[in-house]
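Starting from the given sequences, assemble the full structure and let the hints guide the process.
Single-letter residue listing:
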Amino acid sequence: MTALADSPVGRTLRTPKGAIAGGWIVLLILLAVFAPLLTPYEYDVQNLPGAFAPPSAQHWFGTDEFGRDLLTRILYGARTSLSVSAIAIGLSVSAGMVLGAAAGYIGGRFDRIVTSIVDLTWSFPEILVALILVAIIGPGITGTLVAIGVAYLAQFTRLTRAQIMAIKGETFVEAARSLGATDTHILLRHLIPNALAPVLVSAMLATGDAIILEATLGFFGLGAQPPTPSWGGMMSSGTAQLFKAPWIILFPGLAVAITVIAINLFGDALIRALDIRSRMRSA
Amino acid sequence: MTLLSVENLSVGIGQVRPLDGISFAVDRGEILALVGESGSGKSLTALAVTGLLPLIGGRVTGGSVTFDGVDLTKLTEARLRPYRGKRIAFITQNPMTALDPVQKIGPQVDVMARLHLGLDARAARARSIETLTQLRIPDAAAICQSYPHQLSGGMKQRIVIAMALVGAPDLIVADEPTTALDVTVQAQIVHLLASLVKERGLGLILITHDMGVVAQVATHVAVLYAGRLAESQPVDALFAAPAHPYTTALIDCIPREAMAPGALTGIPGAVPGVAQYPVGCRFHPRCGRAEAVCQNDVPALRSVRSGTVACHFPGGEA
Amino acid sequence: MLGYVLKRLVMLLPVFFAVSVVIFAIIHLIPGDPVDSLLKVGSGPEQRAILTARYGLDRPLPVQYAIWLGNLLTGDMGTAIVGRRPVADLVMAALPHSLALGGLALLFSTIMGIGLGVIAALKRDTWVDQAIMGGVLIGSTLPGFWLGLLLILAFSVHFAWFPVSGARGWSSLVLPVLTIGLGGTALVARVTRVAMIEASGRDFVLLLHAKGLHPLRISLRHVLRHALIPVVTILALRIGWVLGGAVTVEVVFARPGLGTLLIKALNQHDYPVVQACLLMLAMAVMLGTLLGDILQAAMDPRVRAALA
Numbered sequence: 001m002t003a004l005a006d007s008p009v010g011r012t013l014r015t016p017k018g019a020i021a022g023g024w025i026v027l028l029i030l031l032a033v034f035a036p037l038l039t040p041y042e043y044d045v046q047n048l049p050g051a052f053a054p055p056s057a058q059h060w061f062g063t064d065e066f067g068r069d070l071l072t073r074i075l076y077g078a079r080t081s082l083s084v085s086a087i088a089i090g091l092s093v094s095a096g097m098v099l100g101a102a103a104g105y106i107g108g109r110f111d112r113i114v115t116s117i118v119d120l121t122w123s124f125p126e127i128l129v130a131l132i133l134v135a136i137i138g139p140g141i142t143g144t145l146v147a148i149g150v151a152y153l154a155q156f157t158r159l160t161r162a163q164i165m166a167i168k169g170e171t172f173v174e175a176a177r178s179l180g181a182t183d184t185h186i187l188l189r190h191l192i193p194n195a196l197a198p199v200l201v202s203a204m205l206a207t208g209d210a211i212i213l214e215a216t217l218g219f220f221g222l223g224a225q226p227p228t229p230s231w232g233g234m235m236s237s238g239t240a241q242l243f244k245a246p247w248i249i250l251f252p253g254l255a256v257a258i259t260v261i262a263i264n265l266f267g268d269a270l271i272r273a274l275d276i277r278s279r280m281r282s283a
Numbered sequence: 001m002t003l004l005s006v007e008n009l010s011v012g013i014g015q016v017r018p019l020d021g022i023s024f025a026v027d028r029g030e031i032l033a034l035v036g037e038s039g040s041g042k043s044l045t046a047l048a049v050t051g052l053l054p055l056i057g058g059r060v061t062g063g064s065v066t067f068d069g070v071d072l073t074k075l076t077e078a079r080l081r082p083y084r085g086k087r088i089a090f091i092t093q094n095p096m097t098a099l100d101p102v103q104k105i106g107p108q109v110d111v112m113a114r115l116h117l118g119l120d121a122r123a124a125r126a127r128s129i130e131t132l133t134q135l136r137i138p139d140a141a142a143i144c145q146s147y148p149h150q151l152s153g154g155m156k157q158r159i160v161i162a163m164a165l166v167g168a169p170d171l172i173v174a175d176e177p178t179t180a181l182d183v184t185v186q187a188q189i190v191h192l193l194a195s196l197v198k199e200r201g202l203g204l205i206l207i208t209h210d211m212g213v214v215a216q217v218a219t220h221v222a223v224l225y226a227g228r229l230a231e232s233q234p235v236d237a238l239f240a241a242p243a244h245p246y247t248t249a250l251i252d253c254i255p256r257e258a259m260a261p262g263a264l265t266g267i268p269g270a271v272p273g274v275a276q277y278p279v280g281c282r283f284h285p286r287c288g289r290a291e292a293v294c295q296n297d298v299p300a301l302r303s304v305r306s307g308t309v310a311c312h313f314p315g316g317e318a
Numbered sequence: 001m002l003g004y005v006l007k008r009l010v011m012l013l014p015v016f017f018a019v020s021v022v023i024f025a026i027i028h029l030i031p032g033d034p035v036d037s038l039l040k041v042g043s044g045p046e047q048r049a050i051l052t053a054r055y056g057l058d059r060p061l062p063v064q065y066a067i068w069l070g071n072l073l074t075g076d077m078g079t080a081i082v083g084r085r086p087v088a089d090l091v092m093a094a095l096p097h098s099l100a101l102g103g104l105a106l107l108f109s110t111i112m113g114i115g116l117g118v119i120a121a122l123k124r125d126t127w128v129d130q131a132i133m134g135g136v137l138i139g140s141t142l143p144g145f146w147l148g149l150l151l152i153l154a155f156s157v158h159f160a161w162f163p164v165s166g167a168r169g170w171s172s173l174v175l176p177v178l179t180i181g182l183g184g185t186a187l188v189a190r191v192t193r194v195a196m197i198e199a200s201g202r203d204f205v206l207l208l209h210a211k212g213l214h215p216l217r218i219s220l221r222h223v224l225r226h227a228l229i230p231v232v233t234i235l236a237l238r239i240g241w242v243l244g245g246a247v248t249v250e251v252v253f254a255r256p257g258l259g260t261l262l263i264k265a266l267n268q269h270d271y272p273v274v275q276a277c278l279l280m281l282a283m284a285v286m287l288g289t290l291l292g293d294i295l296q297a298a299m300d301p302r303v304r305a306a307l308a
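Residue numbers (the working numbering), protein chains in the order written: chain A, 1 to 283; chain B, 1 to 318; chain C, 1 to 308.
Everything labelled a hint here was simulated from the structure, so no lab data went into it. Treat the hints with care, as some may be off.
[What the hints assert, rightly or not] Some residues of chain C that are not near chain B, with every Cβ distance over 10 Å (derived): (1) L9; (2) P45; (3) T52; (4) V82; (5) P86; (6) A88; (7) D89; (8) D129; (9) L151; (10) S156; (11) V157; (12) R202; (13) L206; (14) L207; (15) P301; (16) A305.
[What the hints assert, rightly or not] Below 20 Å or equal to it, Euclidean Cα-Cα: the simulated EDC-like pairs (lysine to aspartate or glutamate) are: (17) C:K123 with B:E77; (18) B:K104 with C:D203; (19) B:K86 with B:E7.
Every residue gets a Cβ at the ideal spot worked out from N, C-alpha and C, and that includes glycine.
Structure follows, in structure tokens:
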């Protein structure tokens, strides 16, 4: 227990910002997981006579164009939006770390090729990369996962490579090598663990951006397909009702904004607790 | 009236007190050497005298800095500013980073005459070139058109000194003006400063850890250790009979050429960080003369011959 | 300096070539035959073959690429599959709208962002700083399209100050520029604040204070000058952000720009148009990077010296 309290996460949670932000993230995950127990409505059962109901005691966030309870759909939508973003970033971080570590460690021509490709995609906005990839793979959850994963690959590759380059010349690495350690051993036991903190924190911050990206793809109708609720998809169908029932886009958007703010605040507090601000720059 | 007298000065940064009870004085035509290893509080003292502590998050917590009859620690930032650059000039440690790298030399020097002498652009440039030439900087007009990165370290330090002189100050505070320079250039800069003191009758606070330089040019010496005054004496008396064991150790280092910053070869160990200041005399863990009393009681400043010393067992004739 | 600019422009050529190959390859990975959307219901394989041949889609990919690139160099971007208009005309019609929107948004975020960043840095760790940085955080976390819709709701529907959508006159630009600009402002403000704080800790700033200069003058004339160097570099590198923002915002506000054109073409599998749009966006990104390097050299004599 004390180990947890003394860990960077524990220290982060003891700052007011970290506690509020962390609390919101945990609460949101719990709400998403226990959504069926928390709401009397189904997310996909239409009730046309009750469509376009403004927020009320029965429907806290109102209902959509099919009479479905918006709060219910936001809770179920959290499942899609959070898991898609988190899994996509997880894939992206894993691939980016392998690529970046390999480029940084091997160096030479391999490094130059990886770096130039990564730099090329890095200067393109994530949304463009994602849009094109979804066009190739096709709309839906798989397309969104791959699109987000590839869109952030450049960022993690750059960051990991920068970390590896910074520490690969240090004494403890040289010492391990002189003791006969293999390259794999040095990479897995010495270099990657030391590069981990900044990469994981930036992955956390990127998850926030990914939620926005997922919502944007959903907004273009390219994300999770109906009837699966996602925050972006809800706003997409809400656009047509903008003037008639603005709450249909208001509440999912607020859910996105508050969640992303919470992730940013928590990540910021974590950077402070780990004291790695200077290492977060990859350029 | 003494030009500058610092009495019992204490400085705080956040919760810590890196400077405690510093006293010394310097008059026109005098060179006060402020000596000690890195971390002894010399640079902080310089910032306190020039009122620049707030820039690093520090503040004066006690004592006074009396310049020409005015206690500078009581002045507001706005009232203090006319003293800076005009009456008290500051020469920073590293000439490589002291000048604005994206501005030409000319305007950086000119601003002193424009600000402190009220000259217009043309007159200010003339004054800049005149001052640079007085410091034996060849082709000063061309130098004014250069950027700092095009000049050598010694040249840059001369320019910083010229900048200090434009406003015709009464006091110059030079914070290790030679540490970043080549050995031959070091000597030139030190002798330049010494000759300026003689010719123009200014006061100079020369911060250094090089006891060789001290012996050559200083008139008075104040030795700092771990944020406290260890000893203060006229230079001859100090070298003839150092009263504090730390001073003795510093003098013993002279033959070994320039001392590496932070490393005192005469005695083992290093200056403790501000969070690890020991109880009692702060020097006792490294002191050969230390006894039980040194571990418990802070030694009070006491008079010895022509100066003061903070030691329970002062050396020399005492 | 001029030599440097020319050298950098020449160096862009291989990059341009590589980008064009990548774009061409990506486009042909997109599934779905564009001919499908042209065929009338019930057409036979003969009509399909005729149409495929007409657009050169039956030739090997390298040949298609060579033809495309050759035509491109003469200013011919091909013919749109849907609507059969020259792609160059479509792009040229869309480009001014996107340039106006992107340029104004960039201008807005630069001015607002630097202003707010400077104020936050000067009032560091006070409530002013916290309020600005709090606003900046919120600004950077709102989805662009959502912000745009809210602005429409507030200023077009409720107050009726600006048109809801379209591209008629300057007033129709206000809300889209605001929508993109607020996100950009957040980025610029954050970078400016950090750069100001970092620059104000440099040695030469201490000496400027010791020279007796007014603190405000030091901040605005010297510290800001240094802070602007990283700000400009990051701004130029991230011109793509503005473009990315423009894509979504153009759709939300139904503006006839490159973004709208691209999304429509993507949905219709209209290869030549998608290629042309991506190429234009890629060139904007490349030119932005170049601009950043040139500005950095112009602002920092040390960089100029290293280049000479």
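Right, here's what the structure says about each hint:
At roughly 25 Å from the closest C-beta of chain B, the C-beta of L9 of chain C stays outside 10 Å, upholding its exclusion from the interface. For P45 of chain C, the condition that its CB be more than 10 Å from all CB atoms of chain B holds, with the nearest at approximately 69 Å. With a closest Cβ-Cβ approach of about 60 Å to chain B, T52 of chain C is found to remain outside the 10 Å limit, as its non-interface label requires. Non-interface status of V82 of chain C relative to chain B is upheld: no Cβ of that chain comes within 10 Å, the nearest being about 53 Å off.
The beta carbon of P86 of chain C sits about 48 Å from the closest Cβ of chain B, which is more than 10 Å, so the claim that it is off the interface holds. Residue-level check passed: A88 of chain C sits 43 Å from the nearest beta carbon of chain B, beyond 10 Å. At roughly 46 Å from the closest C-beta of chain B, the C-beta of D89 of chain C stays outside 10 Å, upholding its exclusion from the interface. Listed as a non-interface residue, D129 of chain C keeps its Cβ farther than 10 Å from every Cβ of chain B; the least gap is roughly 15 Å.
The Cβ of L151 of chain C lies farther than 10 Å from every Cβ of chain B, with a closest approach of about 39 Å, so its non-interface assignment holds. For S156 of chain C, the non-interface assignment is confirmed: its Cβ lies about 45 Å from the closest Cβ of chain B, beyond the 10 Å cut-off. For V157 of chain C, the non-interface assignment is confirmed: its Cβ lies about 49 Å from the closest Cβ of chain B, beyond the 10 Å cut-off. A beta-carbon of chain B comes within 10 Å of the beta-carbon of R202 of chain C; the shortest separation is about 7 Å.
Separation of L206 of chain C from chain B is inadequate, the least Cβ-Cβ distance of about 6 Å not exceeding the 10 Å criterion. With 10 Å as the threshold on Cβ separation, the claim that L207 of chain C sits away from chain B is violated: the shortest Cβ distance comes to roughly 5 Å. A beta-carbon of chain B is positioned within 10 Å of the beta-carbon of P301 of chain C; the least distance is around 4 Å. Once the 10 Å rule is applied to beta carbons, A305 of chain C is inconsistent with being away from chain B; the minimum gap is 6 Å.
For the suggested pair K123 of chain C and E77 of chain B, the alpha carbons sit about 16 Å apart, so the restraint of at most 20 Å is met. For the proposed pair K104 of chain B and D203 of chain C, the alpha carbon gap of about 17 Å is at most 20 Å, so the pair holds. About 23 Å separates the Cα atoms of K86 of chain B and E7 of chain B, which puts this hinted pair outside 20 Å; it is violated.
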